[in-house]
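**Q** Protein chains in written order, with the working numbering: chain A, 14 to 365; chain B, 8 to 336.
Note that these hints are calculated values from the structure, not bench results.
Hints may be right or wrong, so weigh each one.
Label-pair distances were calculated between CB atoms; the ranges are [said to hold, decoys possible]:
#1 A/Tyr276 with B/Leu112: 55 to 65 Å
#2 A/Ser239 with B/Ser211: 27 to 37 Å
#3 B/Leu36 with A/Gly177: 35 to 45 Å
#4 B/Leu21 with A/Asp184: 32 to 42 Å
#5 B/Ala179 with A/Ala52: 36 to 46 Å
#6 A/Gly177 with B/Phe40: 24 to 34 Å
#7 B/Ser211 with A/Ala33: 34 to 44 Å
Here chain A is said to cover these stretches of chain B; the calculated rule only asks that three of the stretch's residues, wherever they fall, bring their Cβ under 8 Å from a Cβ of chain A [stated by the list, open to error]:
#8 57–70
#9 128–137
#10 140–146
#11 247–257
#12 261–268
From the three backbone atoms N, C-alpha and C, an ideal C-beta is built for every residue, glycine too.
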Amino acid sequence: MSVRLTAPAVPNPSAHSGAAQARRRRRMRLMQNRALGVALFLVLLCVFFAALNPNFASVGNLNTIALNAAILVVVACAEAMVVITRNYDLSVGSTVALASYVGLDVIRICPHAGPILILVPVALGALCGVVNGALVAYGRLPSVVATLGTMSIFRGLAFLYANGGQINGKDLPAWVAGTATSHVFGLSVLILVACAVVALASFMLGKLRIGRKIYAIGSNPEAAVSYGLDARAVVFKAYVMAGLLTGLAAYLFAARASWIVPYLAQGLELTALAAVVIGGVSVLGGSGTMLGAALGALTLATLDNGLVLLGASEFTRQFIQGAAIVIAVVIDAIVQRRLQDLLKTMRSRRPA
Amino acid sequence: MTAAAAPRAFVWELTLAVLILLAAIWASLTSPFYLSFDQITFSLQQSVAVVGLIALGLVAVVVVGEIDISLPAILALGNILFMHLAVMNCPIWLAVPLVLVVCALAGLFNGLLVVAFGLPSLAVTLGAMGAYRALALLLAGQEGFADFPADYLWLGSSSVADVLPASLVLVALAALLFGFVMHGTVLGRCFFACGLNARAARLSGVRVRLVKTTAFTIGGVMAGLASLVYIGQFQSARADNASDILLFVVTAVVLGGVDIFGGRGNVVGVLLSLLLLGTLKNGMGLANVAGSVQTLVIGTLLIVSVLIAQGGSWTGAFRRLRIRAASKP
Chain A
14 MSVRLTAPAV
24 PNPSAHSGAA
34 QARRRRRMRL
44 MQNRALGVAL
54 FLVLLCVFFA
64 ALNPNFASVG
74 NLNTIALNAA
84 ILVVVACAEA
94 MVVITRNYDL
104 SVGSTVALAS
114 YVGLDVIRIC
124 PHAGPILILV
134 PVALGALCGV
144 VNGALVAYGR
154 LPSVVATLGT
164 MSIFRGLAFL
174 YANGGQINGK
184 DLPAWVAGTA
194 TSHVFGLSVL
204 ILVACAVVAL
214 ASFMLGKLRI
224 GRKIYAIGSN
234 PEAAVSYGLD
244 ARAVVFKAYV
254 MAGLLTGLAA
264 YLFAARASWI
274 VPYLAQGLEL
284 TALAAVVIGG
294 VSVLGGSGTM
304 LGAALGALTL
314 ATLDNGLVLL
324 GASEFTRQFI
334 QGAAIVIAVV
344 IDAIVQRRLQ
354 DLLKTMRSRR
364 PA
Chain B
8 MTAAAAPRAF
18 VWELTLAVLI
28 LLAAIWASLT
38 SPFYLSFDQI
48 TFSLQQSVAV
58 VGLIALGLVA
68 VVVVGEIDIS
78 LPAILALGNI
88 LFMHLAVMNC
98 PIWLAVPLVL
108 VVCALAGLFN
118 GLLVVAFGLP
128 SLAVTLGAMG
138 AYRALALLLA
148 GQEGFADFPA
158 DYLWLGSSSV
168 ADVLPASLVL
178 VALAALLFGF
188 VMHGTVLGRC
198 FFACGLNARA
208 ARLSGVRVRL
218 VKTTAFTIGG
228 VMAGLASLVY
238 IGQFQSARAD
248 NASDILLFVV
258 TAVVLGGVDI
268 FGGRGNVVGV
278 LLSLLLLGTL
288 KNGMGLANVA
298 GSVQTLVIGT
308 LLIVSVLIAQ
318 GGSWTGAFRR
328 LRIRAASKP
């Protein structure tokens with residue numbers, strides 16, 4: 014799938030067909046920039062909710078949306094990284110549960126070590142990513158089966174470790190809860206962390222070698238392998254990085270929760286995948302951006318918040334979330350096909 | 008393929024049979040209550056009947072090279088429909104076909120989306136799973152329902168001639184029918200052909216899209232059938248019914264030797280793996296193993312069984328992946 018490639022600028026003798034070509038190229042670039050579409054949809058959504066309920070646009074409410082979205086943004090970036098390689102991760106919810114319970118228990122046991130212990134849940138998340146990555150990349154399991162299995166395994170381990178217990182947020186050092194409540198320059202730390210994650214992940218995927226390899230594997234695994242890329246190593250690394258981010262999200266989850274229980278974040282994989290897909294990351298792999306995934310997460314949080322303000326039931330929201338995945342996937346398929354058709358016509362018009 | 012693959016498949020089934028025997032021996036050693044006909048059949052009915060019906064439906068979908076993870080959600084939808092029909096005093100002979108048709112339509116919808124747009128079935132059915140589950144919740148409200156008339160409950164709660172649970176007989180009959188259709192009819196050969204190499208199948212005149220849609224529809228019907236057994240077993244219907252059986256179903260299919268990439272597998276293996284999982288669950292229940300640990304064991308079994316199936320022939324798996332990639336419309 015070569016949809017990400019911009020067609021080379023070809024000098025065209027005929028001015029008329031040159032204009033058509035430019036128009037076509039513009040249309041293509043517009044379709045490729047799916048994040049723009051998501052942002053537009055988000056704005057429309059906000060206008061819609063603000064018109065129906067004046068409380069929606071209040072500063073307090075917008076702040077709530079941003080806070081709710083912040084953690085989901087981190088998880089969505091993790092999921093997107095895996096989806097771009099043409100794989101899935103159904104174990105993010107369980108990874109969050111395991112990493113937050115065990116990680117925060119370590120923090121509870123040695124409270125004097127200080128905030129360096131944030132690395133414990135992050136490392137645990139990365140470890141879960143290593144397991145997933147090893148199974149998918151080196152064990153050659155289809156990612157659905159592998160992560161469906163680890164979903165139950167990680168959750169089961171969290172329950173085993175908890176042994177019926179739960180962690181009270183009050184037993185933790187003050188800096189844990191402080192992570193979720195403190196502000197820097199008037200902005201919540203959660204939001205800043207989410208922004209930093211999006212920026213770093215975008216930089217990595219867009220500019221660093223490993224990021225380009227991730228896109229290459231997702232675009233066309235065969236071509237990437239023929240080109241000399243080690244597909245397995247790239248997929249493995251993508252899972253490990255996703256695990257790292259999920260571990261970070263696990264810490265943030267725990268910092269916000271007053272009780273940490275092993276059944277934390279159940280069904281998060283569905284929400285994360287919804288965010289990713291709505292954000293324009295193709296489930297066929299190879300295309301999509303971190304910014305898009307983040308916007309997808311923000312859209313979901315806005316939708317959730319707005320529907321609550323309108324008094325919609327929990328079930329309606331769940332239904333909309335499920336339907337949104339299906340619709341987004343269908344739109345993605347249509348756009349991909351259009352792009353390919355456009356590419357074909359552009360190539361056939363090119364002078365020999 | 009047949010000459011080389013047949014002995015290996017036979018070995019797999021033999022292994023499963025030995026494992027079942029070992030699991031039964033382990034269970035009878037850990038608990039004095041295990042070795043009794045009534046205990047075993049009752050426990051199998053509880054753990055395997057619903058899952059077995061859905062697993063058979065999933066076999067059809069997996070063999071054509073797709074997956075449908077929304078089947079448990081379709082089951083919940085079926086439960087809620089039965090609930091409403093029971094409230095309306097609808098006779099059972101009308102209720103069953105109605106529910107089966109709706110569930111078939113749910114499966115068909117998944118199939119149409121996958122086929123018409125060439126979408127990955129996992130993403131489609133993941134979204135459909137959320138949508139169907141929420142639809143069930145919307146239709147049901149938060150209240151459960153536990154007032155079914157006796158004829159709605161018969162299938163899941165009664166025994167044939169006071170010996171075998173009716174639901175197990177149904178699973179056996181369904182397996183026979185599936186075995187015949189999959190391995191003895193043209194349709195079955197088309198299923199395998201689509202799963203092995205969709206492009207070659209299309210070029211040799213198989214209507215791949217039709218066959219795939221049929222498989223998804225069959226999955227929906229089996230989920231509807233499973234919902235009738237479910238309400239009989241639990242005598243109640245709630246929209247969050249069976250939200251945790253997906254792992255068990257997929258494990259049963261994969262452990263039964265069905266290739267998750269499609270095109271290979273047989274119904275006997277799936278029956279054996281159901282028996283093995285049921286025996287393990289029974290034994291673990293009698294040994295007081297916590298539910299989360301049971302899930303952990305099943306998850307591990309899933310991964311190990313696919314690892315074994317994939318091991319040794321990764322080049323083959325990769326080649327099939329490439330064929331699949333090339334045959335995407």
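**Q** So, for every hint listed, does it hold in this structure?
**A** For each hint, the structure was consulted:
no., hint, in the structure
1, A/Tyr276 with B/Leu112: 55 to 65 Å, "violated, 34 Å"
2, A/Ser239 with B/Ser211: 27 to 37 Å, "holds, 29 Å"
3, B/Leu36 with A/Gly177: 35 to 45 Å, "violated, 27 Å"
4, B/Leu21 with A/Asp184: 32 to 42 Å, "violated, 54 Å"
5, B/Ala179 with A/Ala52: 36 to 46 Å, "violated, 56 Å"
6, A/Gly177 with B/Phe40: 24 to 34 Å, "holds, 25 Å"
7, B/Ser211 with A/Ala33: 34 to 44 Å, "holds, 41 Å"
8, 57–70, "violated (count 0)"
9, 128–137, "holds (count 8)"
10, 140–146, "holds (count 5)"
11, 247–257, "holds (count 3)"
12, 261–268, "holds (count 3)"
Going down the numbered hints, you'll see the structure goes against 1, 3, 4, 5 and 8, while the others check out.
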